[in-house]
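There are 2 protein chains.
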Amino acid sequence: MHSSSLDTLDTPAALIALPRMQRNIARMQQQANALGVRFRPHVKTTKCAPVAAAQIAAGAHGITVSTLKEADQFFANGVTDILYAVGMAAHRLDHALALRRRGCDLKIITDSLDGARAIADFGRRHGEAFEVLIEIDTDGHRSGIRPEEDALLDIGRVLHDGGMRLGGVLTHAGSSYELNTPAALAALAEQERAGCVQAAERLRAVGLPCPVVSVGSTPTALEATRLDGVTELRAGVYVFFDLVMHNVGVCRTDDIALSVLTTVIGHQAEKGWAIVDAGWMAMSRDRGTARMGQDFGYGQVCTVDGEPLPGYLLSGANQEHGIVSREGTPEPDVATRFPVGTRLRILPNHACATGAQFPEYHALAEDGTVQTWSRFHGW
Amino acid sequence: MHSSSLDTLDTPAALIALPRMQRNIARMQQQANALGVRFRPHVKTTKCAPVAAAQIAAGAHGITVSTLKEADQFFANGVTDILYAVGMAAHRLDHALALRRRGCDLKIITDSLDGARAIADFGRRHGEAFEVLIEIDTDGHRSGIRPEEDALLDIGRVLHDGGMRLGGVLTHAGSSYELNTPAALAALAEQERAGCVQAAERLRAVGLPCPVVSVGSTPTALEATRLDGVTELRAGVYVFFDLVMHNVGVCRTDDIALSVLTTVIGHQAEKGWAIVDAGWMAMSRDRGTARMGQDFGYGQVCTVDGEPLPGYLLSGANQEHGIVSREGTPEPDVATRFPVGTRLRILPNHACATGAQFPEYHALAEDGTVQTWSRFHGW
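Chains as they are written, first to last, in my numbering: chain U, 1 to 379; chain Z, 380 to 758.
Pulled out of the complex, with its shape left as it was, chain U reads as follows:
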């Protein structure tokens, strides 16, 4: 972590606007506080220790991770309360055990009888009472067991009777990314809540423990109006937001804390194109707004100070080349408007995907100072 100035950064570079990030962190924490639940941010978005530290400083209880490498890295940075929220694969139980033996309070999840049996067998064999949550499917978009399925109770019994600690239930209504009205998001948030609470109550009704009821996705977390019966909220991308979240309707462009700093390296004046050095390697190939109401191409073009230039998009991308152009009629004087050497910022479609393209963020404070924050990569 060191200080430098924005002017001396090479491009492309991933910038964090710190005042926006802090505002986003405060907003979600206030929402969790108002709803009377703990908040456990998903750190897969940033994979960056100072960002997680800011989330915890604001009141978060523990973190959520999507890989055991994230667990390793954040545990090495002093975070002990870690939920690994991807179905536990048997071949990773050794790794999970090693983390727990080193003092990490790692929680794991499963959504199948086979998975539960593998965990319980391994745990008994190694004298480890893993804390396991059961993943619930409340919107059909991915994994999890439906709240009403018989197998829910069987999974609970296999874990509990097998000597594991049944930590509770969790769900993630990821289909929220496909919605775009507060009413639809609030309805999905209620569906997410009700399904997860139903699963908890079924477990408790047969005498199984279920202390934690964990729900969330950025849109449902922000639009939920009550979380009765829920103990914990999870969300990830809210910390930076992005153009997909803008289209979903849960942030404005001036809430988006992540952008890619780029330099104009050429033009195709007749076509109204400025060529920049942010291609898909910098932005990622994520075209998440392509099928939404407003398609931002590979990103919204802003001035170097972060002011959006309406209608100017990163309309095309090769590996290290991006094409900046105006929607509709081409800009006739593109080379005058954006001379070679001009610096621009591009707001991304998807902050998790764009961030992953960079080994580090450059965190820009209100006073103009820049700190370099490393992020990790791989599995």
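Be aware that one or more of the hints could be misleading.
[Unchecked claim] DMTMM-like, lysine to aspartate or glutamate: derived pairs with alpha carbons at most 25 Å apart:
hint	chain 1	residue 1	chain 2	residue 2
1	U	LYS271	Z	GLU528
2	U	LYS271	Z	ASP386
3	U	LYS69	Z	ASP533
4	U	LYS69	U	ASP139
5	Z	LYS650	U	GLU148
6	U	LYS69	Z	ASP389
7	U	LYS69	Z	GLU739
8	Z	LYS448	U	GLU360
9	U	LYS271	Z	GLU557
10	Z	LYS650	U	GLU149
11	Z	LYS650	U	GLU178
12	U	LYS271	Z	ASP533
13	Z	LYS650	U	ASP139
14	U	LYS69	U	ASP105
15	Z	LYS448	U	ASP7
In case anyone wonders, no lab produced these hints; they're calculated from the structure.
Using the hints, position chain Z against chain U.
Same frame as chain U, but now just chain Z:
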């Protein structure tokens, strides 16, 4: 670099099938030899020293890079003849100068008068005669100056009269990725050749030097039937190939040397889904086959031994979850066919984008041994 076995790899992992890679390298080198030109592979695809070493061992003359970090890394690995094939930005001239002063035979490119002046001014100020190639636009898909433009000669004069070494001309007909017949590719290869040679002849006609005439993209390189007047061929993705190149028609699935090893971690049996631990973080968000004749989703599913399972695609992806499903009617016994713990390989849409998601490749030899080859990341 160490040896291990495929069975002990954690997933997701990026595998290189070495016999396929060596066959792809030999095929392209033979094509260049048959056409009577030198071959300069683009190493942006792999960013991996042992792969570039295999290309050079097979007969390549120097390498092409897309970032100065690639130049730094490959120069540190002993490669000195390096062409940086992205328009030179003025703020990177210091970096380029430092590389040259350390003994790297770095060549740079430009496509504008402003760019040429910036290079010549900087070079004179520092007593460095940069070798500069002029980028030619032969298919309108990105950057470069058209062969017939007046400015071509002006750029040449600014560089030459300004004391720089005018290295020649280069072009990249990247629109070849949108074609899919040998005849159309051969026609574009001829257009790429003719345009670049025309630019060279115009420079020479006014007394400017133009020793190098450099062309290429994987599809046009493989389908070119003559390269009269060309001195150098460039291509990148051919070393691994991928599903986009399969759809373009320049490889078969059993030529694709890169795949992602993944593990089944769950099911949604009613939907016929197997959930695997290769999501978009592993595959990248590249959906390059989406608008082609055959859409492979996020990738073609194969057995752990690399045999394609026709009709089985990675049909959906979240960050660390992928959905394996059958096209058309769902697989009724998906949990029996692909039990939890099953290992599969996924062929990628775009090898450059998928490789970039991994800190290392696992290079699998004919005899089953596996070597770990690191690749680098960032700028």
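Item checked: Numbers of unmet hints, in rising order -> 2, 3 and 4
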